[in-house]
Structure formats: C-alpha cells, structure tokens
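S.K.: Spelled out from the first residue to the last, the chains are:
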Amino acid sequence: MSLLEVDSLTVHYLTAKGKVHALEEVSFDLKKGEALGLVGESGCGKTTVAMAIMKLLAPNARVLSGKILLRGEDLLRKGEEEMRKVRWKEVSMVFQSAMNALNPVHRVGDQIVEAILAHDGSFSEEEAQKRVSELFALVGLDPNRMRDYPHQYSGGMRQRAIIAMALACEPSLVIADEPTTALDVVVQDQILGEMKRLQMDLHLSLLYISHDISIIARACDRMGVMYAGQLVELGPTQKVLEAPLHPYTRGLLNSYPSLRGPKKRLRPIPGEPPNLWEPPEGCRFHPRCPRASEICRSSCPPVVSLENGHFARCHRPRS
Amino acid sequence: MNLRLFVLVRSVQILITFFIIMTLLFVLFRLAPGDPVAFLTDPQMTEEEVALLSQQFGLDQPLHRQYLLYVWNFIRGEFGISFYYHRPVVEILKDRLPKTALLFTTATILYAFAGITWGKILAWKRGSLLDTSVSLFGLLTHTFFLPWLALILIWIFAYHLGWFPLNAMISPEIWLDPESGWLRKGLDILHHMVLPLAVLFLTHFGGYTLVMRSTMLETLREDYILTARAKGLPEKVIRNRHAAPNAALPVVTSLGLSLAFSINGGAITETIFSWPGLGRELVFSVSNSDYPLAQASFLLIAAFVLVSNLIVDIIYAYLDPRIRY
Amino acid sequence: MSSREGKRTNSSKPRHRAFPRTGIRWLRHLEENWRIYRSNPMGMAGLVLLALFGLMALASFIPPLIDPIYDPMSGVDPIIDTSTGPSWRHWLGTDFMGRDIFSQLLTGARVAFMIGISAAFMAVAIGTLVGMTAGYFGRTVDTLLMRLADIIMVLPGLLVILILSSVVGRLSIWNLVIIIALFKWAGVSRVIRAQTLSLSVRPYIEAARVAGASHARILFRHILPNVLPLSFLYMTFGVTSAILIEAALSFLGFGDPSTVSWGMMLQWVWKTGHMFKAPYWLIPPGVCISLITLSFYLVGRALDEVLNPRLRKEVLEQ
Ligand SMILES: Nc1ncnc2c1ncn2[C@@H]1O[C@H](COP(=O)(O)OP(=O)(O)OP(=O)(O)O)[C@@H](O)[C@H]1O
Ligand SMILES: [Mg+2]
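Chains as they are written, first to last, in our numbering: chain A, 1 to 319; chain B, 1 to 325; chain C, 1 to 318.
Worth double-checking, as some hints may not be accurate.
Calculated cross-link-like contacts (lysine-lysine; reagent style BS3-like; alpha-carbon spacing at most 25 angstroms) [stated by the list, open to error]:
no. : chain 1 : residue 1 : chain 2 : residue 2
1   : A       : LYS89     : A       : LYS55
2   : A       : LYS85     : B       : LYS94
3   : A       : LYS239    : A       : LYS32
4   : A       : LYS55     : A       : LYS78
5   : B       : LYS125    : A       : LYS55
6   : A       : LYS78     : B       : LYS236
7   : A       : LYS239    : A       : LYS19
8   : A       : LYS55     : A       : LYS85
9   : A       : LYS78     : A       : LYS89
10  : B       : LYS236    : A       : LYS89
11  : A       : LYS67     : A       : LYS89
12  : A       : LYS32     : A       : LYS67
13  : A       : LYS67     : A       : LYS19
14  : B       : LYS236    : A       : LYS55
15  : A       : LYS196    : A       : LYS239
16  : B       : LYS125    : A       : LYS85
17  : A       : LYS78     : A       : LYS31
18  : A       : LYS78     : B       : LYS125
19  : A       : LYS32     : A       : LYS78
None of these hints come from the bench; they were simulated from the model.
Taking the hints into account, I'd like the entire structure generated from these sequences.
M.R.: Here's what the structure looks like:
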C-alpha cells in the first residue's frame, strides 16, 4: 500500500476577482521510502498541493473534492485536533520561504525542541535538547550553535536547521517545497546532496517540489509534471525525462539546458501560462500545444497510461 | 551589538539630549524679555536674599559664566528657592518625584499590558462579536478628552456613588493616626489612586489595543506562524509564544515614542485629582510665576521621560534578539 | 456608465497605486480613491461627523445676530445672573455669568477648526519641507535635522508650552497655533523623509538629475507631488493633536482669555465649581472635543487605507 495517496484533488481559491482554479483533479501516490518530485512553472499549484496535504491552505481556499489518504486514512476528514497530531509527527515540511520560516525571537534549538516536546511526551527537556544536537550533527550544523538566533545564521544554515526541524519527530513523509531556491548554487548542491542522503539513510518518503527540472532529476525516483493546476504527467524520472508523453513536458525539457548528453538548442515554450481564473476550455495546455487538435480544444483529456506506471493527461500522447 | 554596548550608546544619546534641553531652557529664561533677576527672585524677598541669589546664579556675571554656573548648579542639585513655598526647590521635588513615578509607572504598565493582551486576543478572534465590541470601546475611550473623562468619572464615582475620594493622594485622618499600619496606609493610597489610574488607563488602553491588534494580524501572516502551525503546536502556543512576542515589538516602540505625550496627560490628571506629583507642581508653579520651581520641575519631568525611554529601549532589546546580539 | 460596468473595469486593472511614479497622477485617481474611501463605513461616519461640526462652526455666526445676549463672550442675559439649565431661551442653559452655552459650543467648533487646521497645516508644511530636505540631501543635513526632530519628539509638548507661557506671559491664540506647529512638524518630517529616501533612488529622479535638473526642481517638481498624499494624511492626524493641545491648555487655565473654546468652557465649569451642579454645562464641550477627535481619527484611518493598499482587507478572506 502507498504511504500517501492523493486522489482527484480539486482546490479553488476565492478572491475578489473570482475563483482561482488552483488544482483540478490531481492524483498521485507516494510509496514508503520513495522520493517523488513535482515540477512545474511558478503558479501552477505546487505549493497548493503541499498545503492541502498539511491541511494548512489559506483561509480562502476551498477543497471541492478529492481524498488525501495517509496510510489509508483520509486527512481531509480529520478534525483540527486530530490533524495537529499528524502534522510533523507523520508529515513534516520544509517551506519555500526558508528565510522567514524560523521565528526571529526564539533560539533555533528551542524551536526544534518545542516540536519534539509537543509530539512526544516521553522526552524530557534535556533529552529533547540532546536529540536536537544529534539532528544538528546529522544535517551538518555545529551543535554549539543551537542557542543562536535565526538572524545569526546564514541562509544555508537556516535551511539546514529547517531540515533538522523537519526530521525532529521522525516523520514518515517530508514535503520539501523548493527547499533550495533561495540559496546560491554551491549551497544548493550541498543541501540537495544532504537531503538525498538523509532520505536514503532514514528511509524517508519525500515529496520534493521544485520548478527546476534538473533538481528533480537528481533527487527523485519518480516525478510528476504540473501545468496550470493539473498534473499532466507522472512516471519514473528516467522514463519521463527520456520519453516524455505530454507535449508540455517535452517543452519543459527543451527549454532547459541539457541535463546530460550533447548540447541542444534551447527552445522555450511559446505563449504564456493561462490565468487560473478562466482556465482554457478542454485541455489547459492546448493554446500553447504544437500538437493541439479539435478535441483538445473541446474536452478535457483523460489520464492515460501507455506503459506501466507512466501516465499522462493528454488526448494525443506521444507513444 | 551586545546589550551592554547598546545600553551605553543609548544612555550617552539620552544624556546629550538632556543637555540640549537644559541649554534650551537656559536660553529661554535668560534671553526672554525682562530682567533675568525677576525669574529668580521673588518680589517679597529682602535685599540680602536677592543679593545672595544673584551671586549664587551669577547674575552679575557674563552670560557664558552664568551658563556654566547653571549647569554646575544643576549637577549639585541647587535649583534655588521656591517663591511659593519658600523652601529649597530640590526638597519639594524630592517629595514629588516618587509620587509621579508611582502613578505614571503603574498606569503605563497597566495599559501597556492590557493593550497587548487585548490586542492579541482580538486579532486572534477577528470579526467576532468580542472583537467588534472591544475594538469599538477602545476606539471611543481612546478619543475621550482626558480632562473631561476625569471630571465625568469624579462626578459619577466620587460625587454620586461616593466609592472613591474626590482628590488628593492620602486621607490625613488615616496617616495622622499613629495606630494605622503600613497596610492601611497602602490601601488608602490605592483607594485614592483608582480614579486617576482609571483615567490614564482608559485614555491609553484603546490606542495600544488597536495597534497590537493590527500588528498581530500582520504577524499572523508571517511564514514562521505557518511553520508553527505545521509543527502541530496547540493554538494557544502559536498565539502566545510565536505570534504575540513578535507583534508586541512595534507596540513597545510606540510606547517609547508616546511617553512624552502620555506625561502631558499625566500632568493634567495630577492637577485634576490634586495628586501631589511633578506635573501638578509644574502647572501650579507656572500659574504662580514660581520660576525656579517651574524650571526645575520641567527639567525633572524631561529627565523622567528620557529615563523611561531608556527603560523601554532596554525592554525592547530584551524582547528582540536582533538587537541584543 | 452603469455602476456594474464601472466596477468591472475597475477590478480588471490594478486597483490603485499608492505612490505613482511621476507628476500628480494621484489627482487623476481621485475618483477611484473616493470609491475606495466610500467603501469604508467608519471613514464615512467620520466624514459625516466632521460635516456636522462644520455646520456648527458656520452656525456659530447666527446666535449673536439674533440677539446680542447670545454673544458667546460678551452676551450676558440680563434676567439671569447664575448658571441655569436648558430652556427655550437658552437651549443648553447658561454659564455662571448668564452667557449662552449653546452659542459658546457653536463658537467652540469654529475655534477648533481654525486652530486645528492652521496649526496642522503649518506643521505639515514645515515637516514636509524638512523631511524632503533631509531625505534628499542626506549626510550632515539629514543627521542634524533628524536629531532635532528626535529631541522635539521626546519633549512633552503641552508642558513645554506651559513653561513658555510662564516666560512670555499668556499666549494669544495665533501664537499658540505657531508654537503647536513648531512642535508637531517633527513626526511628519520623519515619515516624509523615509518616503523621500525611497523616492530619490527611483530611476526617473536619477534621470532628472542626469538631465541637469536643479535640486529645487527635482524637489518640488518630482518629489513633492509624490509625498503630498502622505502629508495630507498626516494633516488629519495633526489637526486632532492641535485641537487637543489647545483644549488641554485652556482647561488648565493658560488659554487665550479672549477666545471661547471647548477647553475654555470646561475650565469654567471646573473652576467655578459647577461640575457637580451643571451637567448640561459639563457634558456638551467634552462630548464635542471627543467626537471631533474621533472623527478626524476615523477619517485618517480611512485615508491611510486608501494610501496603503496593504492595509485594505482582502475582500474574501475568512
Ligand atoms: N491565498 C490565495 N488566494 C488566491 N489565490 C491564490 C492563493 N494562493 C495561491 N493562489 C493562486 O493559486 C495558484 C497556485 O499557487 P501556488 O502557490 O500553489 O503555486 P506554486 O506552483 O507553488 O508557485 P511558485 O513556484 O511560484 O511557488 C497561483 O495562480 C496563485 O496565484
Ligand atoms: Mg510555491
């Protein structure tokens, strides 16, 4: 059984301008010990997926349909108090805006201790402190700096501290939402390596969110590609990269510098991502799709599978 | 910057500020039209007394010597003789300062805490009936004209209901009675303090509540609050440990900035309730043309405000590690 | 144009920019800003209250025309020699000399507006000039001006004015206005300075500088129009504090004895020992001062929301 199963999740945001169709029928699953990547342009709904799993969506968000099963239990049906026990103990998260994710008036160590004590009554204060220093060592931070405040850390150190925090309660699933975007390339590389190592060592399940396909390619076993609130392709990383089914994935790959192999000419996808207030009829990608035909304009494509475990939401997937 | 250095720097700044205020006051009194001797000497004084004072304040000497003497006199606490009380000014002020400190400090602590607490709660329950009613109440009392509120409270609670004494700080019959212990005396002061405190509290509470409410609403949108939620912390902990300390920082800043303004209200309150403090003494001495006392009490109030400011700064630094470290 | 259409076009473009780039574009946004303002019920309530006070101020000219006994200062009712309660002849009663309280109340409104608006206008004018100068020239000029502002801000204004009046004697109402302005510019100048600092790094200011525009031209043609909305906002706050200072000063007995202000009326009730006997005299001036403070405060907050979109509520949040 999968650890996490997201089943046709649809989320709208209500705004003064109207409904934002942020997620439409998104389904995927995540097995124990697996790293799944979600990639897509800015604004395609990646963070919304993460927040929906944590049940921390903005107050104006409405989950219209779908299920989020964690070990078979639907999180969407859980009350706030039950959900509180799931958070961090079962599912923890590394946030996109790591710079402000730590509270400036509390010591970094204390912020992790607090998470441990909130979820595990068997820890004493000292034991929790000790655990934090182990975690610091684990993510490559000097345990002596536990008593520092966030502003005394560099960006990379803060990110490591947040990763340590995410691991504090030994969760089965860690969601990392663009954990390295704000960092420079070298640190980005280190952190990425660190995360990969930790995921293997601790046998974690990891949901890795990024707009950078090369990072996903290095960190994840399977990957999903999102476009305008829909998951348009899902499959083993290798397969998706080498034989993409969806025209958008292909466009995305073409617009990135080659990961391996000979240098290709970069071809950005023509056009703009649609606004999500009035997403296009039919396939949301059709206005930009080179292969669009009549049917793409009129009806929303179903999810099709051409090979085992490789899916695409497309009328005319490339076989 | 560590805390000690921070306090040192602020203290030096405050000393300089005080020095400038002192100098301005000197300039005001010496350059004002009329005879400077008149500002120091009482028409009722004898020739010798006038001569003694003139010499003490160097009125027969050039201006810069006078200034140096003025500073020197200040440093050794020599402010001259009050025209009205015919006693050394310094003695009078020594008696008044603690009384002002008692009333004003108590009031400040009360309204700052109440404002922060209520603002926190209202932001947390924004849009609720509680939020609307307390915000409205705070808004109204915040805009009450302080002297008027004082008169109305006296009218209702002291005159009509008779719950509290009309004015003054103590009841002489209790303090003259050799039998009354410190508890009885303390309660007596408290009894007299309720109405003046209520006036200062009501006119300030609303402002701080509204500021705290809005900074708290802003803080609740911060990423670290999301982190705290994601960590599965109880709501109370998120509100009190994660949001409130951050939201209170700007409130503390505005507390420091408005101390000077609040002391105006303090002086009016003292005057209305005949609370024998510095503010009332200043108002009195100005109406009595008691120049030495007026100058000295003004300087002391300014010093009081500056020191309070320093204390608020230290509290701020204590609350915000970004300043402390 | 139907109102619905109006709303749609409004929502499809960026609703409002707080500080437009060049010129006095905010003037052109006036209609739109008014729409935003109007949607704030508290702000509208404040405006209505202010309008009422304005009417009172205008009406203050009428009673003395009807009969000289209604003159707020010199009109003594010959058949009354003590404070009396409300009657047909004196709607709010009379004070201890038999002068009409209602007429005094109306005049109080006029005096409050006069003092408030002129002091606030001067304070804001000085504050804006100083703030722009400090922010634009920076360095020593900035340091000196802002230190000065800091010192003024730690001074308890009311008490300083008391001391001043002990030296120079009673202050006439216009001297008082000037002194209030000299105390109130400091706060404004800090805000304007910050705004100027952020403006003067904008590309078009750079461009003007490169094109050889003089300092005065840059300051007055490019920076001033953009800080004016903020100055205007601070003016609404300044009006209140000027009114309050005058009222408090008069209440303590240091006001201009030739002027009837609400603070003065309260001082009379208090000092003549009528506060327990004459609620009809004690209550109206206090209510007026409090309400005019409230209304300027409400207007100021609503204006603040117009100028800082960040403060506006997300319409559908929650
Ligand atoms: N609270 C909200 N109210 C209204 N719209 C929202 C809200 N949060 C997100 N959106 C909209 O929903 C869509 C998806 O947002 P989301 O944050 O999930 O994107 P993302 O893929 O994480 O983007 P990025 O890579 O920039 O972080 C966007 O169009 C965004 O504008
Ligand atoms: Mg995101």
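S.K.: Look at each hint and say if it fits the structure.
M.R.: Each hint tested on the structure:
Only pairs whose Cα atoms come within 25 angstroms are accepted, and LYS89 of chain A paired with LYS55 of chain A is accepted, the gap being roughly 14 angstroms. Proximity of LYS85 of chain A to LYS94 of chain B is assessed by CA-CA distance (about 60 angstroms); at most 25 angstroms being required, the pair is judged violated. Of the pairs offered as hints, the one joining LYS239 of chain A and LYS32 of chain A holds, with about 20 angstroms between alpha carbons and a cut-off of 25 angstroms not exceeded. In summary, the hint linking LYS55 of chain A to LYS78 of chain A is supported, as the alpha carbons are separated by about 9 angstroms, within the 25 angstroms threshold.
Distance check on the hinted pair: LYS125 of chain B and LYS55 of chain A sit about 20 angstroms apart at the alpha-carbon level, within 25 angstroms; holds. Only pairs whose Cα atoms come within 25 angstroms are accepted, and LYS78 of chain A paired with LYS236 of chain B is accepted, the gap being roughly 20 angstroms. For the proposed pair LYS239 of chain A and LYS19 of chain A, the alpha carbon gap of about 35 angstroms is over 25 angstroms, so the pair is violated. For a cut-off of 25 angstroms, the pair hint linking LYS55 of chain A to LYS85 of chain A stands: about 12 angstroms separates their Cα positions.
The straight-line distance between the Cα atoms of LYS78 of chain A and LYS89 of chain A is roughly 15 angstroms, inside the 25 angstroms bound, and the hint therefore holds. Among the hinted pairs, LYS236 of chain B with LYS89 of chain A is consistent with the structure: their alpha-carbon atoms are about 19 angstroms apart, no more than 25 angstroms. Taking the CA atoms of LYS67 of chain A and LYS89 of chain A, the gap is about 20 angstroms. The hint holds against a cut of 25 angstroms. Among the hinted pairs, LYS32 of chain A with LYS67 of chain A is consistent with the structure: their alpha-carbon atoms are about 19 angstroms apart, no more than 25 angstroms.
This hinted pair checks out: LYS67 of chain A and LYS19 of chain A have alpha carbons roughly 21 angstroms apart, not beyond 25 angstroms. The straight-line distance between the Cα atoms of LYS236 of chain B and LYS55 of chain A is roughly 18 angstroms, inside the 25 angstroms bound, and the hint therefore holds. Restraint check for LYS196 of chain A and LYS239 of chain A: satisfied, since their Cα atoms lie roughly 20 angstroms apart, inside the 25 angstroms limit. The suggested pairing of LYS125 of chain B with LYS85 of chain A holds, with an alpha-carbon distance near 23 angstroms, which does not exceed 25 angstroms.
For the proposed pair LYS78 of chain A and LYS31 of chain A, the alpha carbon gap of about 22 angstroms is at most 25 angstroms, so the pair holds. As the CA atoms of LYS78 of chain A and LYS125 of chain B are separated by approximately 23 angstroms, the hinted pair is consistent with the 25 angstroms bound. In summary, the hint linking LYS32 of chain A to LYS78 of chain A is supported, as the alpha carbons are separated by about 22 angstroms, within the 25 angstroms threshold.
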